[in-house]
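Enquirer: Sequence:
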Amino acid sequence: MRYWLPKIILAASLLPVALADRDKLFENKDYRDENFRPDNITGLQTWLYGWRGSYYNGTVTMRMKVVDWTTEDDSEDDKPCDTFLDKTLEVSYEAVLAITKPLSEDENPVMLVLTPWQRGMNLTVDHNSDYPWSNLPFRILSVPSPPKMGYEMNAKRTWNLTTRLVGDSAYSLAGAYRFDPESITNPDIGIKFNHSSCSFKEELYAGGILAPTKSNHLEKLHVQTPQLRGRFDNSSASLSIDGFFQVNPPHDRTEGIIAGPITVDFLGSIDMARSDDMLEPVNDTPVWNQTLGLTRDLNGEISSAARMMVGLSAVFGSTIVGVLAYSVLI
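For any residue, its number in the numbering used here is found by taking its place in the sequence shown, counting from 1, and adding 53.
Honestly, I wouldn't trust all of these hints.
Result set (DSSO-like, lysine-lysine): computed pairs, CA atoms no more than 30 Å apart in a straight line [what the hints assert, rightly or not]:
(1) K118 - K154
(2) K140 - K273
(3) K140 - K245
Keep in mind the hints are simulated off the structure, nothing from the lab.
Can you build the whole structure from these sequences, using the hints too?
Expert: Below you can see the structure in the form of structure tokens.
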């Protein structure tokens, strides 16, 4: 019996060696401290789906009511043309809404990323690396930029978000855009879209959803803080953003500046393949089990990391049984 303990120690000492490959998934500090998924998931665009959480495929629509925002101090060239005045412009895109675990230093209960693109463009197939953000109509994020492995991360909130449990694994979402009320300039939420212009030719309009400032610009609009509200669960999500917008054709100022109230609406259904499992709720903050890349792949099959752990358990269990049997014999 005096050889029993050393043999058990010898068998147990094999465990770290066998786990070495799995540990490579987490050897980067960012894997351990932040919400990054393993970067070896075949077919996963990490710039769009790189964080643990829920992903919803759907449609986002911008509805913009054009009003006369000018005062006697503004140029006649700034006035919106009669073609648009008191009309509602509507533009729709395909989109993905990500609601995920936040960064470790983020005070919000979730991280939110809404990414739209022109209809007919398949980002999940055509682009395996970062998509050029300048080509997107807009991107709404609860942090300044999407967190990315190997790059400096900024967890300073761009939206103040709250979540509330409203049903079985269903949460409401509310938020207000962050800005400095004492500033004469505040960053807006950049938007751009193609639309027929006052002269009936297609134009690119660029501008933003505005935050209030102390300046007198667009004072007739009485610009208010952009507001966000929504709901999400294990099957679907909806999101609405209300605010005030201002855009103009950057290469043709004679078309006038278009401004007024705007609503951005998203409606989508869960992408089961790219989402993690939302755990049974215990409070108003959603929690996800880290499954994709660890226990399964995009096809729903058991992942290589999980297969290795299952195999390791069998091998280690057999080793223990063998050592115990041998210890009895001696």
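Enquirer: Decide, hint by hint, whether the structure agrees.
Expert: Structure-based check of all given hints:
no.: 1; hint: K118 - K154; result: 35 Å, violated
no.: 2; hint: K140 - K273; result: 17 Å, holds
no.: 3; hint: K140 - K245; result: 18 Å, holds
The structure is inconsistent with hint 1 alone, although it conforms to all the rest.
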